[in-house]
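With the hints as extra help, turn the sequences into a complete structure.
The lines below spell out each chain.
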Amino acid sequence: MAYDILATSQTPALIIYVLDVSGSMQYPLNGQQRIHVVMDALTVTLQQMVFRCTKGSQISPRYRIAMFAYSDKVYDLLGGVMTIDQVANLGVPVLSTMRATDTEQAFLEVEKLLQRELPMLGNCPAPLVCHMTDGEYTGGNPEPVVRRIMNMRNPDGNVLVENIFISDNLLPDPVIDPSTWQGVTPSTQLRNKYAMTLRSMSSPLPASYRVMMAESGYNLAPDAVMMLPGMTPELVEMGFVMSMSTPVSLY
Amino acid sequence: MPGFTFRYAFDRSADSQKAGAPGQDYLTVIAEGKRLAFVLCDGVSQSFYGDLAARILGGSLVDWLWAGDLPPERANFEQALEVFLDQLNLTAHAEVENFTLPADLAPMLRTVLDRKRSLGSETTFMAGCLDQAQGRVWLAWMGDSRLRIWRDMQERTDLLLGLDNFQTRERWSTHRGRIGTLHTVVLPADEITRLLTYSDGLARLDRRVGSRSPSPATLEQVISESQKLPASDDISLLEVWPGAAPRWSKNRPKPPARVHMKSKSGDGRLAVSWRSVPRASGYEVALISPSGWRIYPADETGWTCTLDQLPPGAESLAVRCWVEEEAGLWSREVSLNQFTVHRQEQSSSRSTAGLPAEPLRVQTPMEMEVPPAVTRRRSWRTVLLALGLAALVGVTMWLLARGISGRLHTGLENAILPPARLVTMDSKLTVVEDSVNQAKDGTVLPENVETVSPLDDEPNSGEWINRIRLWLRRHWPQDLQERQKRTY
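Just so you know, the protein sequences line up as chains A and B, in that order.
Just so we're aligned, residue 1 is where the first sequence starts under the numbering used here, counting upward by one.
Just so we're aligned, residue 1001 is where the second sequence starts under the numbering used here, counting upward by one.
Some clues are possibly wrong.
[Claimed, not checked] Label-pair distances were calculated between CB atoms; the ranges are: (1) A:Asp40 x B:Glu1191: 52 to 60 Å; (2) A:Glu143 x B:Ser1291: 31 to 39 Å; (3) A:Leu78 x B:Thr1304: 34 to 42 Å.
[As the list claims (entries may be wrong)] Not everything, but these chain A residues come out facing chain B in the computed CB check (under 8 Å): (4) Ser9; (5) Gln10; (6) Thr11; (7) Gln47; (8) Arg52; (9) Lys55; (10) Gly56; (11) Gln58; (12) Ser60; (13) Met120.
Simulated from the structure, these hints should not be mistaken for lab results.
All C-beta atoms, glycine included, are put in the ideal place defined by N, C-alpha and C.
Laid out in structure tokens, this is it:
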């Protein structure tokens, strides 16, 4: 469970984004629609991945990306898994809000994808699932399927699950400076019951990810979990930065 | 003994070769009589076209080292170099700002490159001037490339260059100048009987190179293997000896025999053993798959791994030994198909259930040796046929090699390296020299490790070595590649 295999073009990191596009995502967050905050953060994240993978003007395919948006249905935004160079050519998908929040269906799609992919990831970093939502599910309970996903593993470690929960007041105190914030730990007081559920469905932050986060300017506690309260656009962005913190070969 | 002998190597990373893109290392050497100056740069790929900074700094710094009247005191040398590097920023900054991006870039990539441009192009460097007339050696460096020195077979790097003075974070930037500490030393020339510098793409040499220099054959092997590894990086290397180069034995360490694999039911582990090779100082195991190699260090006579550590599609395994600095030949490949199948079944069952691993489906203890006993009778005919074919191919290759060698000799008689030393047709270098009559527009050399010696006994070697400059370029112009095909 070292989570120390480097992402290279031969051993790329698989990152699966699961994005809630339910109706509530059009509500504002710091004066901006939540869906736009998410798209901005996603854009920054993909650009940062390209930044890490670019040598001259060549993008080395060190990341492989899948992207699901979900509401009443689940939408495979990239039509499967794409390498980061392909995503860079495609650009960031435009998201629009819909209605309900069938989180379980989205994770069932993720599970199917991982079942197909895992046998081919023997020497790759453990895959990561980054789930972004702004409210409780309206379909079936996603927890059992998320638990199954968290139990999947490759030699690098169990599949990592990260949750970004967009909400105005999850924590008792606002996070003034994300760069000095210690992150959500098992003992952090959370104001929302679903946030507690999401925390229990979030993987512990691997030490190697913590180091990469430190290189990006974040100072997370050793016992932080992979959950981010999206109370501000900066914290949402921090959550997406966490999703791409697989150690990467810098050659 | 006057003069220097040196050899160099250069290769691009597997990614760069695949994309047809230039590498980001840069190596330049000037040698004349009792003086030699060199710069080895490793462009930072995270920066804006790291090869740009590498080329700018490498080209300018080697000229500065060569032309300058270098101060004999370290502090003065360092101060002068600081001034030079700071002044170089002014022109380098403008060159980066004026660099034209390819027109057909995706918008996201263009945005990223514009951001990188604002941060500048960066490179690490190892540089030096060895002057036997003045009896001094000046060395300067920033970054994590390697610069190693020996005196009389004893490595003196830590003692004279410092233990922690090769840091990844230290580099030179076109926009920010020196990032971190500039390291310099000035030593008496007789402190160094061998100098070796290489970029981190050859980090595998760190623990393999000791008191002796690895032979060209070992270097060739390590470089070509690097292409197959997941973390394949650009490679550059320069090794310098005052006086003559050592002589290397042509005998390679033999491959280990009787490579055995064993996996017991349920333990999920693969154990590999072999017969030890006399004088071997270490072993390595290569897991070979179509997508690349993994090479692991091994103990004297064995190596184990869990079955799920086998790379997907791993087809075979081979073992070799090291005898001091010399890499042995790889053993015959042993098929991994049986184990890979079990591993895939294991992964599939695990994934389908989404649960922790089930016990392996290997029912009984297995032991396999190549060739497998069950096929031995049938394989006699195959072996005889193969031997016959191998002999035929060998004779053909020998005849062809004689023909090629003769043509090489003809084609390179006026080039700057002794033709007798050219071994393969797999060139990685373009060499441009500026004071020899021939090959003004560059000569392609069919070799990626080459030794240059003014002391060589071979005819004509002393004439052309009078003053040469080697530019090891990362990307061949297409016309040179075509010309090489025509010429040879």
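Verification of the hints:
no., hint, in the structure
1, A:Asp40 x B:Glu1191: 52 to 60 Å, "holds, 58 Å"
2, A:Glu143 x B:Ser1291: 31 to 39 Å, "holds, 37 Å"
3, A:Leu78 x B:Thr1304: 34 to 42 Å, "holds, 40 Å"
4, Ser9, "holds, 5 Å"
5, Gln10, "holds, 4 Å"
6, Thr11, "holds, 5 Å"
7, Gln47, "holds, 6 Å"
8, Arg52, "holds, 7 Å"
9, Lys55, "holds, 4 Å"
10, Gly56, "holds, 5 Å"
11, Gln58, "holds, 5 Å"
12, Ser60, "holds, 5 Å"
13, Met120, "holds, 5 Å"
In this structure, every one of the numbered hints holds.
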